[in-house]
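Q: We have chain A; now place chain B onto it with these hints.
There are 2 protein chains.
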Amino acid sequence: MAIEIERKFLVNKNLWQPPDDGVIYRQGYIHTHNGTTVRVRVAGDQGFMTLKTKTQSLSRSEFEYSIPLHDAEEMLMIMCDRPLIEKKRYKLKIGELVWEIDEFFGDNQGLLLAEIELTSEEQTISLPPWIDKEVTEDSRYYNSNLVKNPYNNGQWNNPDSK
Amino acid sequence: MAIEIERKFLVNKNLWQPPDDGVIYRQGYIHTHNGTTVRVRVAGDQGFMTLKTKTQSLSRSEFEYSIPLHDAEEMLMIMCDRPLIEKKRYKLKIGELVWEIDEFFGDNQGLLLAEIELTSEEQTISLPPWIDKEVTEDSRYYNSNLVKNPYNNGQWNNPDSK
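Here the protein sequences come in this chain order: A and B. Each residue of the first sequence is one higher than the one before, counting from 1 in UniProt numbering. Each residue of the second sequence is one higher than the one before, counting from 1 in UniProt numbering.
Think of the hints as simulated: they come from the structure by calculation, not from any bench. Careful, some of the hints might be misleading.
Going by beta-carbon spacing under 10 Å, a handful of chain A positions derived as facing chain B [to be verified]:
1) 30
2) 65
3) 68
4) 102
Positions of the beta carbon are idealized from the N, C-alpha and C atoms, including for glycine.
Only chain A is shown next, with the shape it has when bound in the complex:
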């Protein structure tokens, strides 16, 4: 079990360039009644199963297990709610910190999010120039919520949404 502490930001598309080809992520969620997040992920050629408690402030408990790719593919197909989250993840090391930038496709096309994992809630960070506004507290940007209410569903009132 790990405690996950992360902050999340919108990325300015005019200032950011992909550093490489990125890794294709496909992930799905099984929605629960008690706020626990159950996530199945295929990242490149690896499968993962992750459970997270409800977020409290910036932190939550996370349990992640590597599982056979075929199992993950099958679970995405038969168990997970639609739409699946499809994105490319880029990793960028700046100083001691690794930024993860997610470029979304499918029903969330147009969304570009940067996440940074911290070791404490008080840790200060320098923001790269391509960082736009912080959305850590905006639950619409949780990947699990991007299934229920995708970026392109018209209620988002953003320049990319159709």
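A: Relative to the frame of chain A, chain B by itself:
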């Protein structure tokens, strides 16, 4: 991934004797919106995480992973719905088949269930003399439902319920 095909029976307490001390099982469920079963189990000193699709007839797809005991204990504590399922499991090999007999405690005290896993839905089996009636199709006896509606909640109308 495995396909689980099982039949379930009540056990006649006057005719059945535990063959050994059994193994203590503690398990919990995270209830989902789409009928997928998410189960966390501690069996003796081992932890497991299991996902099963909705049952169709006698069969369902099952994905089970061994996880660290400490993770399983923690998930039971912070993620799983109450009450937890507490039972002793006894295994009894008769011919080629292994019967699993579950003696429930806590909110399901008094319930004694036998399960047998089959290789096909058509497989015929010989019933031991201590088998009472079949309850495979009675969803009240699913362990996940014994959380929502435990055997001793008074609505069961059984001789053991308080």
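Q: Now tell me if each hint is right for this structure.
A: Now the hints, each set against the structure:
no.: 1; hint: 30; result: holds (5 Å)
no.: 2; hint: 65; result: holds (6 Å)
no.: 3; hint: 68; result: holds (8 Å)
no.: 4; hint: 102; result: violated (25 Å)
Comparing the model with each earlier hint shows a violation of hint 4 alone; every other hint is respected.
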